[in-house]
Amino acid sequence: MTTTTPSKKKTSKRKRTTSKKKLVIVESPAKAKTIGKYLGRTYNVVASKGHIRDLPKSRMGVNLEQHYEPDYISIRGKGDTIKMLKSEAKKAKAIYLASDPDREGEAIAWHVAHILNLDVNDKNRVTFNEITKDTVKDAFKNPRTIDMKLVNAQQARRVIDRLVGYSISPLLWKKVKKGLSAGRVQSVALWIIIQREREIKAFQPEEYWTITSEFKKGRSKFQVAFYGLNGKRKKLKNNEDVQKVLQKLTRQADFQITDVKKTEKKRQPPRPYTTSTMQQDANKKLRFRTGRTMMAAQQLYEGINLGRDGNQGLITYMRTDSTRISSVAKHEAAEFLHKHYGAEYAANHPRKGKLPEGAQDAHEAVRPTSVNFTPHEIEKYLTKDQFKLYNLIWSRFVASQMTPAIVDTETVSISQNGVDFRANGSQLKFEGFLKVYAAGKEKDNILPELATGDLVQLVSHHPEQHFTQPPARYSEAALIKTLEENGVGRPSTYAPTLMTIQKRYYVKLETRRFVPTELGEIVNSLIEEYFPDIVNVDFTAAIEEQLDEIEEAKREWIKVVDEFYQPFSKEVGYAEKEMETIQIKEPLAGFDCEICGSPMVVKMGKYGKFFACSRFPDCRNTKTIVKEIGVTCPNCHKGQVIERKTKKNRLFYGCSRYPECDFVSWDKPISRNCPKCNHFLVNKKVRGGWQIQCPNGDYEEDIIK
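Using full-length UniProt numbering, the first residue of the sequence shown is number 1, and each one after it goes up by one.
The hints are simulated quantities; they were obtained by calculation from the structure and are not laboratory data.
Because the structure is a prediction, the values reported are computed rather than measured.
Don't take each hint at face value.
[Stated by the list, open to error] The calculated DSS-like cross-link candidates involving lysine-lysine, where the alpha carbons are at most 30 Å apart (straight line), are:
| no. | residue 1 | residue 2 |
| --- | --- | --- |
| 1 | K174 | K435 |
| 2 | K201 | K638 |
| 3 | K57 | K91 |
| 4 | K217 | K429 |
| 5 | K330 | K384 |
| 6 | K217 | K149 |
| 7 | K232 | K201 |
| 8 | K668 | K609 |
| 9 | K285 | K429 |
| 10 | K174 | K668 |
| 11 | K83 | K141 |
| 12 | K668 | K285 |
| 13 | K93 | K21 |
| 14 | K585 | K685 |
| 15 | K638 | K577 |
| 16 | K93 | K33 |
| 17 | K265 | K330 |
| 18 | K262 | K435 |
| 19 | K585 | K638 |
[Unchecked claim] Quick list of the computed label-pair ranges, beta carbon to beta carbon:
| no. | residue 1 | residue 2 | range |
| --- | --- | --- | --- |
| 20 | E69 | K265 | 57 to 63 Å |
| 21 | K585 | A438 | 51 to 57 Å |
| 22 | N117 | A472 | 54 to 60 Å |
| 23 | I446 | E529 | 56 to 62 Å |
| 24 | E521 | I595 | 30 to 36 Å |
| 25 | V686 | R59 | 38 to 44 Å |
| 26 | N117 | R512 | 48 to 54 Å |
| 27 | E529 | T622 | 30 to 36 Å |
All C-beta atoms in this analysis are idealised placements derived from N, C-alpha and C, irrespective of residue type, glycine included.
Using the sequences and the hints, build the whole thing.
See the structure below:
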């Protein structure tokens, strides 16, 4: 009896260890790790590490004779991953495809199903908008079939983009230079930037004047602005207009308060983030580039280890153009606000989400998966970027569920001899959502107690000349907003689009604004002339609408591609015959090559301009272009201080004798020393302008605006 018992235990243990598990395939290892902990030991969660099949890079990969059939091949370097997936699939009890809940994710699931010979009609597709334990477990209770409408919409986008890129790019290589590219969305983005540059160059400034006056009542002083004459608004175009107005006024006489209007205004809370508005705010408030924002968002979505709470997905899916919020999230936010801020701060009916024209409402807004994970409590588990972005998302969502701010406003009209002035005052009466979301919070401007008929005395007039300014160049935030407003691209396309036009050196960033390069101007002019539809905003937006119609089963994807390609192919044929070769002249550097004696020229490379021998490739001599700032190195006193850039394109200053001298400074040195400690001084950028400072903190001069 004692001998049989152990053998039974061994047998049962062996059966448990060899029993088959359910296989779950997601895109990323981080997502696999988080989901694996939620699902437990009966599941095996692995990652495909993104796409495993795609169109070939070496050729078009679209069969124009066979209804635009894509020729998908296994992506180079994914052989081991595919082998692993097939091996795990053979051992699995069941297979689930749990890639992201959008077109891209659906396409990944479809490609994995093809590699593993899965039936697309099987219910093996699982999607969830947030990676939390309850949401993930609920999703696995309701698997569905692969949605071929989503797959076909993605196929149509991929095929159209391939037809554009692999038709126009070879023309640019042949007619301009190798390494150039054109794309359906990137060409529109470049065109928008160049249109703004043309507006700036064509801009003619116009003169105008303002009069700011100071008045007093008793001991209280306040400022007002000139409004107009005899109750009608008047623009001051020049100094002559200003003098005519001032001549009407009697300085010794009192001015009369002709009207006082007091109103109570509600400032509505913002809607929660979409992908686009999140990217815009991160760029404006955190100075994050779009790629940096999406990387941090991806990490927050896939899951962060929160110590005792384990791995938690902290935000909902970050590629969305919807501002919809689930009823569960609204209820949780209401409980949080009642508990931590009071009932008066919780909105009874939060502001409803509004979709931009043509947007899809497949997902919720970008929001925290649980409002109870406050930024302060989980900061220690996050990187700096993760914390900054999560704090932004959390604050925005909580604010969207709060009551409006209430502001008391006051408009005071002052007049003398038919000359009208106006003063505007405001005071925050109730914070509302501003209690949490302080961005854009205005300072109070409190006027003294004034009533109609009161007399006030003039203290001084301050006329000032101005000139109208040209429209500003696009920042990343402004360009994304413009693309979204025009229906160009979708949330997932903005980051790679902006990256591509910079990588090709079609544009460059100067003071965080896009400036087109000469190369960008040339490429744009060719596409404008020979492929006008490609840079037509309305045409590109119409393509996006047709892709949405494919997703809604209103259009056939092959027909959409054909309607695009037939006229486009004729434009390609015409351009091949008529487009002239453009020789980009490389400017002379002004000195000769020390190896072969030929003139050196300025070339454009992946990381910007550099000097190279004009006999390339026979002579491969190159030199880095350095910019001296006219300051002798304060360390070795032999070399010159020059501008340098890090791999991430951040400017710093170093010695020209590096590596013999290792002097570096983030701030620009000047050729003066500190009068207190004799350390070299720097010109440091500060709020309001520039300031000469001592790095030791012993000395600073007035700010230069």
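Against the structure, the hints come out as follows:
Among the hinted pairs, K174 with K435 is inconsistent with the structure: their alpha-carbon atoms are about 59 Å apart, more than 30 Å. At roughly 43 Å between alpha-carbon atoms, K201 and K638 are farther apart than 30 Å, so this suggested pair is violated. With a CA separation close to 33 Å, the supplied pair K57 and K91 exceeds the 30 Å bound. With a CA separation close to 24 Å, the supplied pair K217 and K429 stays within the 30 Å bound.
The suggested pairing of K330 with K384 holds, with an alpha-carbon distance near 28 Å, which does not exceed 30 Å. For a cut-off of 30 Å, the pair hint linking K217 to K149 is broken: about 71 Å separates their Cα positions. Under the criterion of a C-alpha separation no larger than 30 Å, the hint pairing K232 with K201 is inconsistent with the structure, at around 35 Å. Among the hinted pairs, K668 with K609 is consistent with the structure: their alpha-carbon atoms are about 22 Å apart, no more than 30 Å.
Between K285 and K429 the alpha-carbon distance is near 26 Å, which keeps this suggested pair within the 30 Å criterion. Between K174 and K668 the CA atoms are separated by roughly 43 Å; this puts the pair beyond 30 Å, and the hint is violated. Note on K83 and K141: the hinted pairing holds, with a Cα-Cα distance of about 29 Å set against a maximum of 30 Å. Restraint check for K668 and K285: the C-alpha separation of about 25 Å stays at or below 30 Å, so the hint holds.
For the given pair, K93 sits about 5 Å from K21 by alpha-carbon distance, which is consistent with the 30 Å threshold. Pair hint K585 plus K685 does not hold up; C-alpha atoms about 37 Å apart against a cutoff of 30 Å. The hinted pair formed by K638 and K577 fails the criterion: a straight-line CA distance of about 58 Å is larger than 30 Å. This hinted pair checks out: K93 and K33 have alpha carbons roughly 20 Å apart, not beyond 30 Å.
Taken as a hint, the K265 and K330 pair is honoured in the structure, with Cα atoms around 25 Å apart against an allowance of 30 Å. Distance hint between K262 and K435 is fulfilled; the C-alpha atoms sit about 24 Å from each other, no more than 30 Å. With a C-alpha separation of about 36 Å, the suggested pairing of K585 with K638 is violated against the 30 Å cut-off. The hint said 57 to 63 Å for the Cβ distance between E69 and K265, and at roughly 60 Å that hint holds.
A hinted range of 51 to 57 Å holds for the C-beta pair K585 and A438, which are about 53 Å apart. As the Cβ distance of N117 to A472 is approximately 55 Å, the hint placing it in 54 to 60 Å holds. Distance hint check: the CB atoms of I446 and E529 are about 59 Å apart, consistent with the given range 56 to 62 Å. The beta-carbon spacing between E521 and I595, approximately 33 Å, falls within the hinted interval of 30 to 36 Å.
Checking the proposed 38 to 44 Å range against V686 and R59 shows it is violated: the Cβ atoms sit about 54 Å from each other. Taking 48 to 54 Å as the suggested C-beta distance range, the pair N117 and R512 conforms, at roughly 50 Å. The hinted window of 30 to 36 Å between E529 and T622 holds, with their beta carbons roughly 34 Å apart.
When the structure is compared with the earlier hints, violations turn up for hints 1, 2, 3, 6, 7, 10, 14, 15, 19, 25 and for no others.
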